[in-house]
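Student: What follows is each chain in one-letter form.
There are 2 protein chains.
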Amino acid sequence: MQEDKAPTTSGIRSQSEESAERLRAYLHQGAVRGRTTDDVTGAMREAILDGVLPPSAWLRESELATAFKVSRTPVREALKRLADEGLVIKTAHHGAMVASLSLEDVLALYVVREDLEGLAARLAAVRCPEGLVEELDEINAAMREAAGREAVAELSKLNLAWHRALRTGAANPYLERFLGQVEHAVRRLPATTLGHPGRAEEVLAEHEAVARAVRERDGETAEREARAHMRRAREIRLAVLLGG
Amino acid sequence: MQEDKAPTTSGIRSQSEESAERLRAYLHQGAVRGRTTDDVTGAMREAILDGVLPPSAWLRESELATAFKVSRTPVREALKRLADEGLVIKTAHHGAMVASLSLEDVLALYVVREDLEGLAARLAAVRCPEGLVEELDEINAAMREAAGREAVAELSKLNLAWHRALRTGAANPYLERFLGQVEHAVRRLPATTLGHPGRAEEVLAEHEAVARAVRERDGETAEREARAHMRRAREIRLAVLLGG
DNA sequence: CTCGAAGGAATTGCATGCAACTTGAATGTG
DNA sequence: CACATTCAAGTTGCATGCAATTCCTTCGAG
Chain A
1 MQEDKAPTTS
11 GIRSQSEESA
21 ERLRAYLHQG
31 AVRGRTTDDV
41 TGAMREAILD
51 GVLPPSAWLR
61 ESELATAFKV
71 SRTPVREALK
81 RLADEGLVIK
91 TAHHGAMVAS
101 LSLEDVLALY
111 VVREDLEGLA
121 ARLAAVRCPE
131 GLVEELDEIN
141 AAMREAAGRE
151 AVAELSKLNL
161 AWHRALRTGA
171 ANPYLERFLG
181 QVEHAVRRLP
191 ATTLGHPGRA
201 EEVLAEHEAV
211 ARAVRERDGE
221 TAEREARAHM
231 RRAREIRLAV
241 LLGG
Chain B
1 MQEDKAPTTS
11 GIRSQSEESA
21 ERLRAYLHQG
31 AVRGRTTDDV
41 TGAMREAILD
51 GVLPPSAWLR
61 ESELATAFKV
71 SRTPVREALK
81 RLADEGLVIK
91 TAHHGAMVAS
101 LSLEDVLALY
111 VVREDLEGLA
121 ARLAAVRCPE
131 GLVEELDEIN
141 AAMREAAGRE
151 AVAELSKLNL
161 AWHRALRTGA
171 ANPYLERFLG
181 QVEHAVRRLP
191 ATTLGHPGRA
201 EEVLAEHEAV
211 ARAVRERDGE
221 TAEREARAHM
231 RRAREIRLAV
241 LLGG
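Those protein sequence lines, which keep their order, are chains A and B.
Here the first sequence stands for residues 1 to 244, where the numbers follow the working numbering.
Here the second sequence stands for residues 1 to 244, where the numbers follow the working numbering.
Keep in mind that the hints were calculated from the coordinates and are not lab data.
Note that the structure is predicted; figures quoted are calculated from it, not measured.
The reader is advised that the hints may include incorrect statements.
[Said to hold, decoys possible] Simulated restraints, written as ranges between beta carbons of each label pair:
| # | chain 1 | residue 1 | chain 2 | residue 2 | range |
| --- | --- | --- | --- | --- | --- |
| 1 | A | His-94 | B | Gly-42 | 21 to 27 angstroms |
| 2 | B | Val-52 | A | Ser-56 | 38 to 44 angstroms |
| 3 | A | His-94 | B | Arg-232 | 45 to 51 angstroms |
| 4 | B | His-28 | A | Pro-54 | 31 to 37 angstroms |
| 5 | A | Leu-241 | B | Pro-129 | 33 to 39 angstroms |
| 6 | B | His-28 | A | Gly-51 | 52 to 58 angstroms |
| 7 | A | Thr-73 | B | Ala-25 | 28 to 34 angstroms |
[Claimed, not checked] Partial list, computed: chain B residues near chain A (C-beta under 10 angstroms):
| # | residue |
| --- | --- |
| 8 | Leu-23 |
| 9 | Tyr-26 |
| 10 | Gly-34 |
| 11 | Ser-71 |
| 12 | Glu-77 |
| 13 | Asp-84 |
| 14 | Ala-92 |
| 15 | Leu-116 |
| 16 | Glu-135 |
| 17 | Arg-164 |
| 18 | Thr-168 |
| 19 | Leu-175 |
All C-beta atoms in this analysis are idealised placements derived from N, C-alpha and C, irrespective of residue type, glycine included.
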């Protein structure tokens with residue numbers, strides 16, 4: 001609906017128009033029919049995690065529908081699913097808004113994360129599937145290179161990939177699902193801890209300690225190191241959140 | 001829609017008609033407008049967990065819609081949400097079916113469960129919120145009484161309540177969510193382990209050991225006992241699944 | 001000036017219609 | 001007889017329309 005017939009002078013785009021294009025960029029190109037809802041769900045999730053849809057922003061079905069150039073139905077379903085994941089909060093007949101995390105939520109999150117990442121490291125070490133150690137080392141090498149260039153955004157992406165590789169190596173679908181949800185929650189936090197002075201080098205060392213234990217199939221050490229890694233991550237996170 | 005004008009002789013109900021009534025019973029009575037989808041989602045979830053919708057059963061949107069006397073829209077949304085939870089599997093343009101758990105899934109589930117229940121017990125013990133110990137003891141007493149009557153179904157319900165109370169006492173929203181998903185997965189398993197000879201008494205003793213540690217605010221012991229409880233539960237579960 | 005109530009605009013909630021896709025069976029061909 | 005091909009029935013996927021509900025503004029009374 002709502003065409004570009006805005007009363008503004010041609011050549012000047014309204015704010016909503018720009019926002020709409022940014023959102024549309026998150027849609028997968030090859031959007032075949034039959035997966036529109038999944039695409040919209042993923043796009044909105046990424047938009048929220050990237051901060052394009054900031055916390056406390058109101059999400060209107062029709063607005064999002066015109067932005068994505070789809071009908072309200074897939075948007076509506078996507079909002080329900082994201083509400084189940086805890087990313088948005090819905091209020092009946094009024095709208096949905098991006099949920100924000102309290103400090104208590106962050107603490108609770110890291111408590112669970114320490115446990116689950118530790119479990120993932122232990123399982124991965126015990127199984128030690130073909131190629132896992134190489135993959136971990138490869139990602140960590142890429143991280144070292146990115147750290148040298150001070151490319152924090154890239155570093156952050158690689159860090160996520162490292163943890164994903166580790167939990168995939170654990171080969172436990174439930175653990176995978178829960179750690180995926182944890183990742184979504186962590187990515188909602190503003191900024192990253194990898195920009196903190198000296199943290200990047202620490203992370204590299206901690207990752208190496210875990211990878212070493214995995215290579216030696218030492219489950220206990222892998223768990224201990226992974227938990228220590230997460231405790232340290234929590235400390236830095238709190239410093240970043242509180243200290244500014 | 002679809003009235004009772006079935007071509008069968010009056011007085012004889014078709015099988016689908018009976019099934020529809022059983023499903024409808026899961027809907028909350030005071031279904032106010034604005035919560036139809038949530039009601040349908042919950043009803044379908046409970047129906048699946050109770051085995052009314054058995055694994056490998058095909059779930060047709062229109063069929064369920066007429067059964068619940070709603071339109072296809074809320075049913076459709078419910079199916080998507082249940083698919084996210086892993087309870088059903090959808091195939092595009094063909095239908096959704098109730099997912100079944102493989103033996104490997106069960107093992108993976110209990111591995112994660114051991115960790116999370118242990119964490120919940122530790123956190124609950126450290127916090128030891130007002131009234132928690134009393135609630136645990138109360139539920140356990142009710143379980144003892146039910147065990148005496150050999151009321152297995154009631155015993156199972158109380159057992160779920162005990163674990164829910166413990167994790168609520170941990171006061172960690174992420175832990176609560178994940179253990180809720182674990183509970184859904186466990187409830188999908190056929191039968192219960194509490195019918196196994198002698199298991200009910202064991203469970204009572206193990207619960208008491210955890211509750212005692214919680215009372216004494218001994219986090220380490222609580223975690224150790226809870227993990228032992230889950231390991232034993234897994235053993236019995238495997239015996240029930242394999243031994244018949 | 002403050003507080004309360006009523007009305008209207010905006011938004012979501014659900015129902016339904018049509019198009020696209022999948023599947024299986026029937027048919028024709030080698 | 002085996003196999004590929006076509007076609008038709010059935011199902012879901014998405015778009016849209018209408019009704020119910022909410023919230024905010026405005027108006028009136030104290």
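Student: Which hint numbers doesn't this structure obey?
Tutor: 5, 6, 8, 9, 11, 16, 17 and 18
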